[in-house]
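Enquirer: Each chain, written out:
There are 4 protein chains.
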Amino acid sequence: MLIVMQSQVSEEKIEKVVDYIKQKGFDAHISKGEDHTVIGAVGRKVIDKRDIELLDGVKEVIRISSPYKLVSRVFKNSDTVIEVNGVKIGGGYTAMIAGPCTIETYDQMETTAKKLSECGVKILRGGAFKPRTSPYAFQGLGEEGLKIIREVADKYNMAVTSEVMEVSQIPMFEKYVDILQVGARNMQNFNLLKGLGEVRKPVLLKRGLCSTIEEWLMSAEYIMAGGNREVILCERGIRTFEHMTRNTLDLSAIPVVQKISHLPIVVDPSHATGLRDKVAPMSKAALAAGADGLIIEVHNSPETALCDGAQSLHIEEYENLHKELLELSKVLHKTLV
Amino acid sequence: MLIVMQSQVSEEKIEKVVDYIKQKGFDAHISKGEDHTVIGAVGRKVIDKRDIELLDGVKEVIRISSPYKLVSRVFKNSDTVIEVNGVKIGGGYTAMIAGPCTIETYDQMETTAKKLSECGVKILRGGAFKPRTSPYAFQGLGEEGLKIIREVADKYNMAVTSEVMEVSQIPMFEKYVDILQVGARNMQNFNLLKGLGEVRKPVLLKRGLCSTIEEWLMSAEYIMAGGNREVILCERGIRTFEHMTRNTLDLSAIPVVQKISHLPIVVDPSHATGLRDKVAPMSKAALAAGADGLIIEVHNSPETALCDGAQSLHIEEYENLHKELLELSKVLHKTLV
Amino acid sequence: MLIVMQSQVSEEKIEKVVDYIKQKGFDAHISKGEDHTVIGAVGRKVIDKRDIELLDGVKEVIRISSPYKLVSRVFKNSDTVIEVNGVKIGGGYTAMIAGPCTIETYDQMETTAKKLSECGVKILRGGAFKPRTSPYAFQGLGEEGLKIIREVADKYNMAVTSEVMEVSQIPMFEKYVDILQVGARNMQNFNLLKGLGEVRKPVLLKRGLCSTIEEWLMSAEYIMAGGNREVILCERGIRTFEHMTRNTLDLSAIPVVQKISHLPIVVDPSHATGLRDKVAPMSKAALAAGADGLIIEVHNSPETALCDGAQSLHIEEYENLHKELLELSKVLHKTLV
Amino acid sequence: MLIVMQSQVSEEKIEKVVDYIKQKGFDAHISKGEDHTVIGAVGRKVIDKRDIELLDGVKEVIRISSPYKLVSRVFKNSDTVIEVNGVKIGGGYTAMIAGPCTIETYDQMETTAKKLSECGVKILRGGAFKPRTSPYAFQGLGEEGLKIIREVADKYNMAVTSEVMEVSQIPMFEKYVDILQVGARNMQNFNLLKGLGEVRKPVLLKRGLCSTIEEWLMSAEYIMAGGNREVILCERGIRTFEHMTRNTLDLSAIPVVQKISHLPIVVDPSHATGLRDKVAPMSKAALAAGADGLIIEVHNSPETALCDGAQSLHIEEYENLHKELLELSKVLHKTLV
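Protein chains in written order, with this note's numbering: chain Y, 24 to 360; chain X, 24 to 360; chain B, 24 to 360; chain L, 24 to 360.
If we strip away everything but chain Y, and leave its shape as in the complex, we get:
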């Protein structure tokens, strides 16, 4: 941490700041420039920098060390590759995750999974507990849904991912799913994150609608600090002033995250755009930008889907997209499954 003092500040004020940070457990290194004296505060304690900014004579306080540790490439330089059901995610391996927004019936899941499996998809998605803005909307099948998706996935030798909504549900999810998904609205549900730190299955952590990349990585840090080293980040669009798409898909986050962190990052173009006909171009764009995977909503009959049918691909649309992505991945020197 660097503390920049105001110009022409008195020695007394400098001393008071030095005393303050020492008392908080930091060492102080003073460096006098022509305009400004700068105090380097060296130490590992967590401190709110605004507390120092309010001391007399202080102009500005600058944090040097990153707030995240375990998620950073400083802690682990090589790409983390997560393996689920024989599918690798990260480090040049791109994974396709597909399925309906919501688990509705066994037949719906069976039809969809069969087709997706034929395309080569190895990870099946589907929601059992649905976070809905309106209390009057369909809220999901619950545990019954998890049983269905597990059964269907086993039939086609697929892995399962589904969204866990609170800490008390974790044991239930451990029984049925292979990747526990954290939704955008729960990205800073810290109790849930702590609970997932104790799980020994991968966690797919969606970026919050208005979360900075730094906050997102800090949420991953929560999970890793608990002992779970298998976190998959998922970009799914941020909220901006633009309203022609549901959210604004921030694909620049891919190279930004990949520079700072060793964790794999996948993209959800379905929730980001909210519109079926935007899913294919954004999927290809995400792959070209370097995404380690895609999570795409596919429904055997989007017109009658109970939730988010408008952003779900028809199965034939998915089949075409899958082929295009396979071709693209070759040019991009990526292995796509």
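Since the hints were derived computationally from the structure, they do not count as laboratory data. Don't take each hint at face value.
The list makes no distinction among identical chains, and a pair is therefore deemed to hold if it is satisfied within one copy or across any two copies.
In silico DMTMM-like links for lysine to aspartate or glutamate, alpha-carbon gap of 25 Å or less [stated by the list, open to error]:
#, residue 1, residue 2
1, K137, E342
2, K39, E174
3, K72, E237
4, K45, D201
5, K282, E326
6, K178, E141
7, K282, E76
All of these numbers come straight from a predicted model, not from anything done at the bench.
We have chain Y; now place chains X, B and L onto it with these hints.
Expert: Structure of chains X, B and L alone, referenced to chain Y:
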């Protein structure tokens, strides 16, 4: 719901749309204009309007009825006045809520509560469970903190508000606090909202960092739909591109909410600005804009506070502000306690 | 400027950075901490800090000195008070500016100005050149409009403010108006700003829809750098995700600006909210937050206004608001004219 | 336009609304639903819908027809293909535009143009007039710069694009450049747009930093309404809360625009990200998303560039990227020059 068809659309397409909405449980009223045929869909079902937008020949779908019911002035026209510890909130009554960000020790709470009580404050705030961005930061005293704030509040005849972080904590909070607070990060923690619908104590619902006013009201609707009619809305700043303040306090939300909803709305200028010297001007502005209350962070020693000291007022600063607000409230024809 | 080197960086890399900044005209002061070596670059040159961030071994570059000079309280500590037509703006003096969005006819202006003048308003506003999003909308009366507003203002001994849209119009505006207004869309029209630097009349500079406070102050710096020291800042709402109001009025900008800069800051609640019934509460809030003035749209017949009638007050509404603001200003110890 | 009346509204109020819109030049079609009466207002006049929303008994007013006409696929269904110097932009043809941010010297331009030309680039970019946030930063070479870029481009048989900053500069630009560029800050400089409507050379219109897609298309409409049918749209990032990249590149805008409008859309990944190492992944992503071209900053010595060196590619980096894009374009069935 109004369904606007594309210009020069065929009769067949119109019929298909009519069939679709009837099948979904709506009545259809067709009206042909020069350019566009408009289909009115009448009914009470919840439907994703994008599903209709994807039908052939549809140009646009427009929702007419508001998604919220119980929170709206259509359901209840007169202002809801919530009474806690003899203090009224709403309908011309403005309530002051003050206290530290975090409960640290009995002495800290005792000193602060004594002084605030002398100013005339009747509702004491203080956090026992703290949602922190970093897993390495202080996370609060937990139940021990709730015991402290209750004991101190009773000594000075004050009511207590504190933030509940998940549904399993509700019974504990019912024991100690008078107003259960939902933090901005939990505004769409729907399980928590449902749990709070069964409580018979007021809930203070903070607006999410990137939540629209409509989403905020929908979250209040969740609580009211569960049977709890005492919801206090709390504006605490939204996230924008401006970084000189922590958040952007959206004071226009006050008259906007007061037009649509009968629920009281209070303002938290401490979290919104994140800076002590901005709290007084923003408190006065909130009052002038029509806020039904203010929730302000005050600490007996902000310099040594464990959390958010930088945005906490010194007690003497609060005393001055309280006097200024009392004077202002007279000119504004409001009763401030 | 502080250059923070990566941990365990080689001496050679440090030297290369030092050479680079010396070559760019800076002095270098090296300070070695436990983790990081920090290089202080001292000098007055303008440099893009990203250029240094890209050098080998550099972790982060931090600008210390503010980019603005003349607008800052470091350059001039006391409040700038601008006087127009005997009305003071700034330094405890609050000025009311009112009038229609657009100058339509002599009669419209005459009726409005007479009434406003009776309320005590000394500065009349009205647009002659209108920036419209659609090429098919009414674009203003042009110079004819300026003549009308000047004639009417003279009749009632009022000053005039109107929006100048490009540098070539400045001489025309100097003939007719007392305060030249820069619209939000032109806040970074640098040619216009340079032209206004040579004018010797006050400039009212609106904040851009998505401009940070820093960028806004830099635009004021452009005008002041040209020699014109009379700049009035005008907050008029920023663009956010919230759509129930046209823009989000950022009242926190008032205390933020007043801390950094000596320039007066006024508020335009009409454009910020876009809704007539939100103008009064937001005007009172702006005054309570410390605004040095208000600029409010008033129309003698908003229902038939050619532009922005929906956000214009009826004259009687303005009369009531003016009285309320006068009362408020007394409690706030401000002089309002 | 549809006018939705409040539920249980009186006949009298409905009549008043009907009278009002007739007087404004619209026809009225009344349609009574169970809950709401809806009035269809049919006509071609421009009206502020808020004026109607303020009438007694009106619940909501909904615009049906799009505000843009000439830019829309309703006006012209087939893709507009713009040809410059034998290079096609749009309709399956993807154009590469490259060059430095700023024209500095003849040698700089000559070296850069030679290399780019060898890669196959046919359109050279370079700024002569620079809009800079700070009045103390380098402002460009002016007309001298335009002469240099023209001379160099002619030597290598390239076309030229450069940014025009105000209406008075148009004749000068017509002499030297093939494509007139409008910068993000000038997207709503309506005088400039009108001036460009009379030009008979293509205009590259950058999206404003906080402009919606609708506003952007309306600005294109200004140019087309003036008679110039050759507008190239350019997405270059929007301002959001995320600060790890300079702006957030909104690639979803590509399929959104391509659905509504026949105009070609290109992407500027250099300004969007502001960081050299993000340019390649974002260029590939833009191409995969369907962009009709890319405009990329390349400098022969980014370390010593006078402006935006940090986001400029080294020539060798560009050469590699160009090859990768060529390969990608084959898989995507696009012709890239």
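Enquirer: Please name the hints from earlier in the document that this structure breaks, with their numbers sorted from lowest to highest.
Expert: Violated: hints 2 and 4.
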